[in-house]
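Below are the chains, spelled out letter by letter.
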Amino acid sequence: MKTRAFHKTYNNRVVLSLPELELPEGKITAVIGPNGSGKSTFAKILAGIERADEKKPILDDADIGYLPQKSFAFRMSTEKNIMQNGGDPARAGELMKVLGIDMLARQSAKKLSGGEMARMALCRILMRPYELLILDEPTTAMDMESTLAAERLIRKTCTEQGCALVLITHSISQARRVSDRVIVLHQGKLVEQGQSAQLLSDPQQEQTRRFLEFYGV
Amino acid sequence: MGSSIQKAIELILSADPELLNILSTTARVCLTSSILALIIGVPLGILYGAERFPGRRVLLVLNRTLIGMPPVVCGLLFYMLFSGVGPFRSLHLLFTVRLMIIAQVVLITPIIVGVMETFVSDTAPALRETARGLGFGRLKEYRLLINECLYSIFSSYLLSFARAIAEVGAVAMVGGAIAWRTNVMTTAIMMYTNRGSFTLGIALGLILLSLSLLVNIVLSLMQGRLSR
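Heads up: the sequence lines are chains A and B, in that order.
One point on numbering: in the numbering used here, the residue at position 185 of the first sequence is 185, and numbering is uninterrupted.
One point on numbering: in the numbering used here, the residue at position 34 of the second sequence is 34, and numbering is uninterrupted.
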């Protein structure tokens, strides 16, 4: 799967300008970078939620699933929220169990805590397969135990479904744990991209080196 | 004062025919107008809140202006339109319950539109981003949005009903407060007080206050249930 080159301008300021990018199927591509580097804007444009300046989707027709940074709980139970995305109740039960929210199935989703809401939203997006799955900081609100369970689930889903998975994260250690490839953004521009293991241990660009050093890697 | 209240309670308990007539006219005017306002106002409010289209801001300003319109001005407008020299005189609607209902609809629909628009503008962006991210179509997106709005729909209805039942200026002008025909609770209180007959006025006032209390109790009870 390949994106087209695009630009995004807000108030006459170019906030994102990216070349063609490869998003391999069956692989997890982590997008990392400091705050304001354009990670979430990239996710929204990729998902078709926002439009690039070129006014056309940056991907050819694809079935895309997108989990926003702040997910919305519909006014219904946790289980019904998850079932809104189709699939069978057994799959919903299995996902809830893996992420430890099975005991909250009948509770109103509006009453979930931040971490529980994030787990519910992840279960919901994983209910059916997509060709491209974009997860924008899916584990930020979760504790370490839930984060690791979520990462295992994300990895398993990507492998089983063979989808191209884009993981937006500000956690270098998360990118190292789950991703196959890494794209590094800085001030709306591509700094470098490559295989995770290689890029994160031996970055070629000064900006990447500084970013990794800042996070103690 | 004490004896007037005692007489008023006796009047309510005795099911006085004139009192019952006033109550049934009031119920007809207020229930019909508030339901019509709900049918018009809810879709408009959701549309103004969820969509961005040319002229939307103008419509919002117009709606806010209508929310603040004095009822007596609304009454005057309808009086001029439907009186013997007005363009709609041939419809013979002046001093009828039907025109009272129409005037009430014009007065209370903007309240429903305003409540719905405020709620939907706040809720729709996050809901829409999530729904689109999941790949839902427009129809499903709207179905989920309406589900989120249930409490707002309910509270805006009760607000508009409360405004309708407490309103006096417009219904007095277009209805004429004709006994046994177009007299509603508020116009009857004014009429009987002007005549110096306080008993019926107090009885009606007590009923109005009780209804207001009831509306607020129902609203409080439903708030917890519907906002879940």
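Please note that the accuracy of each hint is not assured.
List time: in silico DMTMM-like cross-link candidates among lysine to aspartate or glutamate, alpha-carbon distance up to 20 Å [stated by the list, open to error]:
hint : chain 1 : residue 1 : chain 2 : residue 2
1    : A       : 189       : A       : 53
2    : A       : 111       : B       : 16
3    : A       : 110       : B       : 122
4    : B       : 140       : A       : 63
Hints listed in this document are in silico derivations from the structure and should not be mistaken for laboratory results.
Please read these numbers as outputs of a predicted model, since none were measured by experiment.
Do the hints match the structure? See the list:
1. A/189 - A/53: holds, 15 Å
2. A/111 - B/16: Given that 20 Å is the threshold and the Cα spacing comes to 50 Å, the pair is violated.
3. A/110 - B/122: holds, 16 Å
4. B/140 - A/63: holds, 17 Å
Hint 2 alone, counting from the list given before, is not met by this structure.
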